[in-house]
Amino acid sequence: MPNVQSFSSLRARSYVFRLPLFTRLMVSAIVVLWLVGIQSAWDLRKWGCLDTERDELFHRTDAYRMNTFPLIHLNLLHALLNLLALTPLLERFESEYGTLTSAAMFFGPLTTIPAIAYVVLERVIFRVNTPVMGASMWVFLLLSVEAMRTYKINPYFIIGTVQVPTWTTPLVMAFVTAALIPSTSFLGHLCGICTGYLFGLGYLKFTAPPEKILRWIEGKLNLLGRLPHYPRRSLWAAARSCRRRPPYISLLLIVVGVAWLFMLPLNDYSRRTYISENALLPGQVHTYFGGSDQNVLRAYRHEVGALENKTNTEVNDKLEHMFRSMGLKVGRQNYTYTTSGNTVAGENVYAILQAPRGDATEAIVLVAAWRNVKGEFNRNGLAVALALTRYFKRWSLWSKDIILVVPPDSRAGTQAWVDAYHDSHDSRRVADLPIKSGALQGALAIDYPQEERFEGVHIVYDGINGQLPNLDLINSVTNIASGQMGMGSSIQHMFHHNDQYRDRLTCMLRGMVNQGLGHAVGPHSSFIPYHVDAITIQPVGQGWHDEMGLGRLVEGTFRSLNNLLEHLHQSFFFYLLMQKERFVSIGTYLPSAMLIAANFTITAIALWVKTGYAPKTKETKDVKEKKEGTDSKKVDQKTEETPAAVERELYLPLSLVTGCQFLGFVPLFVFNHAPASLLAPLFVVVTLLSLVLPHALSFFLVTTYKPTHQQYQLITSFFLLLLGMFLSTLATLNFSLAFLVGLLATPLTFVRPFPKLPAAGYAYSALLSVLNPGVVVLSAAVAATTLQGSSGLGLGVVGVTPWEAVQKTGSSRRSIRLNRVAPPHLGANLRMPSL
Amino acid sequence: MPKDKMSFQATAGTAGLFVVAAALRLLLFTAFPGLPNLLTGRVEISTPVTSFKRLQEGLFLYNHNVSPYDGGVYHQAPLLLPLFSLLPDPSTYPIFTYILYTLVDLLSANALYKIAESGEGGASRLYSSPRKEKRWSGYVVAALFLFNPFTIATCIGRPTSVFTTCAILHAVAKALSGNIFTSMLSLSFAAYLSMYPLLLLPPMVILAYDRTYNPKAPKSLVQLAGMCTLAVGVSLSLLFLSSYALTGSWEFLSSTYGTQLTLTDLTPNAGLWWYFFTEMFDSFRSFFLGVFWLHLSSYTPALTIRLRQQPLAVITLLLGIFAIFKPYPSIADTSLFLSLVPCFRHVFPLLRYSFVTASVVLYGTFLGPAFYHLWVYAGSGNANFFYAITLVWSLGLSLLVSDLAFAVLRDEWEVERPEMRGKEIRQI
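Note that the protein sequences, when read in sequence, are chains W and C.
FYI, the numbering for the first sequence is 1 to 835, going by UniProt numbering.
FYI, the numbering for the second sequence is 1 to 428, going by UniProt numbering.
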């Protein structure tokens, strides 16, 4: 285990701290100049590069270029590679020749000689002009100096039977570099190498300042005493900072994770959507819904309008009559749900249009709920659906059955219907379906309560628990709407999306919040857990499109779905949409949540390692360090007795962590069984408890058990380990929820005792309380309530803990999937009892 | 007198433990009526050769006088059928099944208690660890077994592997107490139920030999091995004969052991075989079946010879290896392995990767069901997701096995080289 901690980071760090002055200066100059070069107002590169075209190069005004060009780089990679190569070489050179000599040489002959050689070669011999910059010339120069030195000691190395002189290595490297890395100046490198050879052979020694003068300067100015970084930093300081590094790594991961998310809307990270399933062919067919069908639609609208205030049963009687007159098979289904003390009862009615060219193995669903999610009367939506069904009946091209479902509401009704369709309902509360068709291939819900003509359609696609429909379905509808119908389409209530960064980010964040909350946002949501890709189409805005346009849109989509040879599977199931035609796929966005989860894991591992190995004994430290290094007296006393590995005391941490984790089931149970009226107060109570409990627990722990410092660290370690694990598991199921919870939990990484600053401890626990997910949801709900005047609290209660979401997700497994995916004998086994 | 009192207290404590464990199981069974069926369906718990659901199918056929192996679903030993047909129908009176499985768990825990109390983990006949003072009592070891989430999940999922677990643990316990023939009978039962425990015979013989060794009248190991093999052979033959009498044909041999040997059922599970053989071309199948089985069985002689001095360690390590590499592993096998690991409390300080192992196994535990969900239910993942996690899971377990083997060997080595104690060593 100590290998993990002290691999070479300690040495690397102490190495960096021991870099001599000139090297240090050069490195920082390169970094600073690169930073300066980021801005676009002043072209640093043009100012500093070795531009051979300029005639004044050898004049006073432009001669500075001879010295600046090695310090300026094209881009980050260029700078980084050169820095990596240059630093050790330059450090070696400097430690051999001294800081002053190095400065004199590198501001003088070792830079200007190759530069002049390069310019002369370029202008006089090759008559071309390639401006150069970058420290690679120095790298090759120093390499050849080294090579010459090696050559003197060890003239040949042997490859096979061939003896290769060692001085050729820089040349080989220059060739390789020229071949492998594009746009490197081979000529420039060559100039550097030649100068290096000359220097290495001693022909340039005369340019070096005489030893005496250097001594004199150093002595006069007392450079050794005054300049920093001549003395070595103590090793202990390096070791100590190494021990404290994991928090910085964690912090870095969090920052990168969050920054990653904010990079996603940029063009480079998101992609344009495309239709992945070739069979869909969206918008490739003529749609014929129109003409006299408009009269039919008006008639249906009139009939539906007349039913507005009738009871559910009366409505369904009438609808059944209508369906039968169309020549469809009709089924009705009663359901009664009791959730949270409320009873939701109703009756679904649905009709099956049997496919003229199909064998009833596959079906597409059209849902027109009597009332939409907001409770508005879906008059036009139902009329369109009825007219469309009647129209569909006339066509002979359907290869999949079409099912029109009319539930009385948008949540419970569809849920009951889908559950019963897949035989995973509780038949005491939800009736069986009298007639069925084949496997559902897709579902489309129409939500059209407004009376006026519309401007475009709003596509709602979020499913329960953050599951999403296949991206191809959304793409098809967008494609048909904008390409064929000429109507706008929008997502996530972004009706005026200008496709700029800000709007993309807002759209994406709204999508994430919806996904994270995981609640049903439309009649389609219930379908998605059954692996039925579904969306809701809502006409929005004031425009010139009428119901017939919506009908044609649905017709076009159904024709596309009708083409499918197999279930939608080609495109993405995990994506974030930031505009209707722009998305990021899981491979691009998942790292941000995973980085945040990884930050917990890294700190957990670091804490674990720390608990196993006590800090070194104190002989090596000076007195001042000792005072700082003791966080807690106990640790040091312990470590003096046992300097090496320490046995960990696991019982208290393990039982505490297990106990606290299982405590999470309490709110889950309570929220799942409490009546609806109590949910909001209960949520407040649970939140308050979750605020008080940690303090009470810590008080209890401190007073009764008096845990050691090691035990504190172990407790933290285990909690963070579990947190990281839950979050990374959750991220595969519901990315947004994992990200949001992870983000709120980030301060937990940095929790540690503040023995010297009690105020900091209090401030930190206050921060933790503020970022408690419960508090955040509560304040968001309160903010929403005050802003909109609507009841936001109900919304807030939906996604309380990751536990709950996990539980919900876990409970949505369905037997029909098992029948289809598991080997056939399991299916046989399931049917056995009925033999 | 004080010793009696102590043992009484220990018995009382153990009884309390068993009562609590049984109560917990029965509570889980009754408070969450959907849980048993849910867990029965989990591929991590029920494999084709242990599934309770398949047992119901076999039982149904058996009770209707059809050969239980006709449907091609039932792959378990025939003698389980009369046992379960004695119980009332589990769909109407599930409580009897629950009680049976709870009892089996308690019996296993009791055997484990004896194993831990024998102190064999730290001090065998030929080897006594310098760290042997640091050990857990049987109470703790039994508690760790009974409250291990894997054990509880297995009990509630009701796979028939719990009987194998119980038989193996009893075989070990009886070998430790010197009842060689009971031990061999128990091992034969385990082998009859699941076949793979037969590979435990060599270390079991050595364990029995060491525990019955009398320095005044030393017996020959070869002789004892012959006797043990004979005993196992005879009892297995009797079991086979009674199975034949029960089902009326030898069909059960190919349906139960044949399935394990040739892997005809490729239902996903926590092991490594199914995916490999799903992808396999038929022409290579027999070759790789041979390779996989050879690999699995090659550990027995190797470990038995290398760890001759510590037969219990051999058995533990072998159980860990079986939990990873056997054809249809499940978390039941893992829980069996994990139940014996605490007997080696004294080498825990020598474990190098305990944290990594624990994290990897935990990650596997949580990500496995999630990825299975994505594959089978949500449809947004595929088989590779789940297989990747079974790889992680196996990696975690093999880390534990190799780490434990390292720790046991290091412990031995430090006896030979006392000057190296506590020093870091590196393999070159």
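Among these hints, one or two may not hold up.
What the hints assert, rightly or not - Once the Cα atoms are required to be at most 30 Å apart in a straight line, the calculated DSS-like pairs of lysine-lysine come out as: (1) K216(C) x K114(C); (2) K436(W) x K310(W); (3) K134(C) x K610(W); (4) K219(C) x K132(C); (5) K219(C) x K114(C); (6) K134(C) x K114(C); (7) K610(W) x K756(W); (8) K205(W) x K152(W); (9) K318(W) x K393(W); (10) K436(W) x K53(C); (11) K706(W) x K134(C); (12) K706(W) x K756(W); (13) K374(W) x K310(W); (14) K132(C) x K610(W); (15) K610(W) x K423(C).
Claimed, not checked - Non-contacting residues of chain W with respect to chain C, defined by C-beta distances greater than 10 Å in every case (computed): (16) F206; (17) L251; (18) T338; (19) H567; (20) F573; (21) L721; (22) L722; (23) T729; (24) A781.
Derived by calculation from the structure, the hints in this document are not laboratory data.
Idealized CB from N, CA, C, for every residue including glycine.
Cross-check of the supplied hints:
{"no.": "1", "hint": "K216(C) x K114(C)", "in the structure": "holds, 26 Å"}
{"no.": "2", "hint": "K436(W) x K310(W)", "in the structure": "holds, 27 Å"}
{"no.": "3", "hint": "K134(C) x K610(W)", "in the structure": "holds, 24 Å"}
{"no.": "4", "hint": "K219(C) x K132(C)", "in the structure": "holds, 28 Å"}
{"no.": "5", "hint": "K219(C) x K114(C)", "in the structure": "holds, 25 Å"}
{"no.": "6", "hint": "K134(C) x K114(C)", "in the structure": "holds, 17 Å"}
{"no.": "7", "hint": "K610(W) x K756(W)", "in the structure": "holds, 21 Å"}
{"no.": "8", "hint": "K205(W) x K152(W)", "in the structure": "holds, 17 Å"}
{"no.": "9", "hint": "K318(W) x K393(W)", "in the structure": "holds, 19 Å"}
{"no.": "10", "hint": "K436(W) x K53(C)", "in the structure": "holds, 28 Å"}
{"no.": "11", "hint": "K706(W) x K134(C)", "in the structure": "holds, 24 Å"}
{"no.": "12", "hint": "K706(W) x K756(W)", "in the structure": "holds, 19 Å"}
{"no.": "13", "hint": "K374(W) x K310(W)", "in the structure": "holds, 19 Å"}
{"no.": "14", "hint": "K132(C) x K610(W)", "in the structure": "holds, 27 Å"}
{"no.": "15", "hint": "K610(W) x K423(C)", "in the structure": "holds, 19 Å"}
{"no.": "16", "hint": "F206", "in the structure": "holds, 51 Å"}
{"no.": "17", "hint": "L251", "in the structure": "holds, 21 Å"}
{"no.": "18", "hint": "T338", "in the structure": "holds, 17 Å"}
{"no.": "19", "hint": "H567", "in the structure": "violated, 8 Å"}
{"no.": "20", "hint": "F573", "in the structure": "violated, 3 Å"}
{"no.": "21", "hint": "L721", "in the structure": "violated, 6 Å"}
{"no.": "22", "hint": "L722", "in the structure": "violated, 8 Å"}
{"no.": "23", "hint": "T729", "in the structure": "violated, 5 Å"}
{"no.": "24", "hint": "A781", "in the structure": "holds, 29 Å"}
Going through the hint list in order, the structure does not satisfy hints 19, 20, 21, 22, 23.
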